[in-house]
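Undergrad: Read off the chains here:
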Amino acid sequence: MNKMAPIEEASRAARVQEIRTPGGVSAWLIEDYAVPLVAMQFAFRGGAAQDPKSKPGVATLLSGLLDEGAGPYDSAGFHEALDDIAAHLQFSADRDYLGGHFQTLTKNLDPAFELLRLAVNEARLEQGSIERVASQLAASLRRELKDPDSVAARSFRAAAFPDHPYGRAARGEIDVLPQIGRDDLIDLRARTLARDNLLVGVVGAIDAATLSERLDRAFAALPATSRLEAITPVTMSGVGRRVVTEVDVPQTTIRFGRPSLDRHDPDFAAAIVVNHILGGGVFTARLFREVREKRGLAYSVYSHLQNNDAASMLLGGTSTKNERAAESLAVIEEQIRDLADNGPGDEELEKARKFLIGSYALRFDTSTKIAGNLLQLQLERRAPAYLDQRNRLIAAVTLEDAKRAAKRLFGDGKLLVAAAGRPVGM
Amino acid sequence: MNVHNPAEHAESAGSGAAQAAPRIAHSRLDNGMEVVVIPDRRAPVVTHMVWYRNGSADDPPMKSGIAHFLEHLMFKGTKTHPQGEFSQLVADLGGQENAFTGHDYTSYFQRMPREHLATVMEYEADRMSNLVLTDEVVAPERDVVLEERRMRTDSDPAAELSEAVQAALFTHHPYGTPIIGWEHEIQTLGREDALAYYERFYTPENAILVVAGDVDAHEVERLARDIYGKIPARGAPPVRQRPQEPPSRAHRLVSLADPKVEQPSFERVYVVPSARTAEPGESEALEVMSHLLGGGQTSALYRDLVLDRKIAVAAGVYYMGSSLDQTRLWVYGVPAPETSLEAFEAAIDESLEKFLATPPSEKDFNRAKTRLVADAVYAQDSQMALARWYGAALATGETIDDVAGWTDRIEKVTREDVVAVARKWLDKRRAVTGYLAVGEAA
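Chains E and G are the protein sequences, given in the same order. Take the first sequence: its letter number 289 is residue 287 in our numbering, and every next letter is one higher. Take the second sequence: its letter number 161 is residue 167 in our numbering, and every next letter is one higher.
Quick caveat, the hints were computed from the structure, so don't treat them as lab data. Among the hints, a few may not be true.
[Stated by the list, open to error] The calculated DSS-like cross-link candidates involving lysine-lysine, where the alpha carbons are at most 27 Å apart (straight line), are: (1) LYS401(E) <-> LYS105(E); (2) LYS105(E) <-> LYS369(G); (3) LYS292(E) <-> LYS401(E); (4) LYS53(E) <-> LYS85(G); (5) LYS418(G) <-> LYS349(E); (6) LYS349(E) <-> LYS367(E); (7) LYS105(E) <-> LYS418(G); (8) LYS266(G) <-> LYS360(G); (9) LYS369(G) <-> LYS430(G); (10) LYS236(G) <-> LYS85(G); (11) LYS369(G) <-> LYS418(G); (12) LYS434(G) <-> LYS360(G); (13) LYS401(E) <-> LYS367(E); (14) LYS352(E) <-> LYS401(E); (15) LYS105(E) <-> LYS53(E); (16) LYS430(G) <-> LYS105(E); (17) LYS360(G) <-> LYS375(G); (18) LYS69(G) <-> LYS292(E); (19) LYS367(E) <-> LYS352(E); (20) LYS418(G) <-> LYS360(G); (21) LYS85(G) <-> LYS292(E).
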């Protein structure tokens, strides 16, 4: 068989330059001149968890408004200015951070960074724009009101986090959005857009000195320190419960989950491996084989680890016709119990480690993906060295580790289950 | 903010937006298989795709969904590699794999560290001619496809409307049939149907190999000769014979009201030329026109309906340029809460009339072209995106030169061209309008 010569995996960490600008901005940079563009992913810690208790959706609304007019530009003018230089600038809010995606052709570096500066520092937050973006947000929420996947996700969240910011709707509620005023947006911006909670990942045709200078132009005028509410760490509740919401559709959508391990737990690498064996995104995972391939119960079935700053969960889902939804859930629960009781097999473990190690490279093949990974590691409070350590951690997971992690992950095998549809016998 | 783009249901690989070409190598094996290599040396990974020039529009009568069903069944093993072995191998290599079916093509891909390319090629070549199917694997997989249909379409009124709009738009051409097939026909598809379809289309003459990534073009061509070149030629590529759509002379309105709908929305779909069927320059002019009319927040529709008149929360246009036969252009929108769908449609029509009557300003026109040309540069950042564009273009009858020269041809589009294609093709008699409305419980 023809084979290309294998190559030594080069150190990824060695390519990362850690920058601290004179203006107090930190960033990780990978220089790459193959394509004449610069991609940047950045985030301010805070996000939707910082929304006022009675007004969920402020962070999401703010993220939708930062590019709706800033400095000398109204909303239309700002977008025209971006289009004139074909730059990309988008903001979004997650539970734990408000993020930005920025991409420009190298030849337009200066005007692009100027528009970024305006959005971050001088967004106008005009009343007309607030109403427009709120109505767009409400339209997308209305669209999801009776969508089975969204219904299941909402009821899962409500049951998992009844008295915690994570239980609130990150993108707001239809009735509450109109009550969010300019003051709320200005307050959240003042509290959460600062230099000490800003994380930046950059990839592209730019050197450290040039980047440092541009980052200061964009971010140095922000307040030095953020004022974030402390978010209490929480263990999701509702394990053992089944919440069924009636939706008139032929298929039941199921979400399931239970508490998981913190990403800095010594068993976290083993938990990654165990989750991959259960329901990772490949055609060889147990849930794929048992639910889809053998029984034809579903098109999609998966599990993943979700680690937020204040909560860690194992989450999964599937969709099966109403008549057989209970059967799908039983198969899933059986696999989880089996992993809890017996752990994975030797061969399963070996294959999972191989996949996880080999596939790590696929996360680093576009500038935007690499920048996103650089940002993600900072959000996880890791050092660049993790880029090289990660595969060694996975390789070091033993059968004993995996069994222990499976026991810790799956415990008694009980799940919080949220279903939407008309499931028979559930 | 993109609230809802009904065109997402079209499963298009995106219109012809390629790029100022990286150094593409293009050749053909003795057995007729085409080979395209797109070097991208930045990361030690490779994307390997095989495209077949057949899709759901080539499904035989009463066998809708067979192209897509066969795509699922291609993972069921061969004489030498039983079910699961190929997937297990890809997983062991740390690779990703999947497949997708469109109206005009079916494509299989793997992404993995580059040193495993030859291994994966061996397996992909093997399943081009040695597929083994038994009723034991076919039956549960048919259930999987039915669940896929329930998930994507039957539980979502917006998807059901899109399906009905397409069915109304194409009265004769198979683009009116959903890619996944109609439920009652999927239920009848069996092993023999799949194998007959496989025999007809899974041949080297009908296949295109696209490899993008950290590879040397000569090395890939040598591997392709050694591995895919062993597959015997069948003598000629299969012929695609599809009923063609007659001229459309009547605007049609399709309305779906469902109690699950909480947010009404609007779509209108026009039959327009594709990159392959258009007169020279027309498809490019349609690209620029679509961007000016409905590409994002600087577009004419967004300005008029969302910003100025405030009767929409979203409005946009999407042109699906890559298509073997005549294709589709979507105008879509979400009305503001107090606006009825009828009033919204009237406003869309006024806005379109204004657009047809007034040539775009020089500034707007240049901005649209700048964005389209830059998107081609951004595309070079993703080997998967490049591989998909070249594969989809070749599978729908375009050439490598067509793709590589796309940016230059966009640059040549004039304001007059834009006005001309808009007046020629945005003819309501060529369109179906779809209303997604709030409905009473039955």
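Undergrad: Now tell me, hint by hint, if it's right for this structure.
TA: Hint check:
{"no.": "1", "hint": "LYS401(E) <-> LYS105(E)", "result": "54 Å, violated"}
{"no.": "2", "hint": "LYS105(E) <-> LYS369(G)", "result": "20 Å, holds"}
{"no.": "3", "hint": "LYS292(E) <-> LYS401(E)", "result": "25 Å, holds"}
{"no.": "4", "hint": "LYS53(E) <-> LYS85(G)", "result": "61 Å, violated"}
{"no.": "5", "hint": "LYS418(G) <-> LYS349(E)", "result": "53 Å, violated"}
{"no.": "6", "hint": "LYS349(E) <-> LYS367(E)", "result": "25 Å, holds"}
{"no.": "7", "hint": "LYS105(E) <-> LYS418(G)", "result": "22 Å, holds"}
{"no.": "8", "hint": "LYS266(G) <-> LYS360(G)", "result": "35 Å, violated"}
{"no.": "9", "hint": "LYS369(G) <-> LYS430(G)", "result": "23 Å, holds"}
{"no.": "10", "hint": "LYS236(G) <-> LYS85(G)", "result": "16 Å, holds"}
{"no.": "11", "hint": "LYS369(G) <-> LYS418(G)", "result": "16 Å, holds"}
{"no.": "12", "hint": "LYS434(G) <-> LYS360(G)", "result": "15 Å, holds"}
{"no.": "13", "hint": "LYS401(E) <-> LYS367(E)", "result": "32 Å, violated"}
{"no.": "14", "hint": "LYS352(E) <-> LYS401(E)", "result": "18 Å, holds"}
{"no.": "15", "hint": "LYS105(E) <-> LYS53(E)", "result": "42 Å, violated"}
{"no.": "16", "hint": "LYS430(G) <-> LYS105(E)", "result": "37 Å, violated"}
{"no.": "17", "hint": "LYS360(G) <-> LYS375(G)", "result": "21 Å, holds"}
{"no.": "18", "hint": "LYS69(G) <-> LYS292(E)", "result": "24 Å, holds"}
{"no.": "19", "hint": "LYS367(E) <-> LYS352(E)", "result": "22 Å, holds"}
{"no.": "20", "hint": "LYS418(G) <-> LYS360(G)", "result": "24 Å, holds"}
{"no.": "21", "hint": "LYS85(G) <-> LYS292(E)", "result": "20 Å, holds"}
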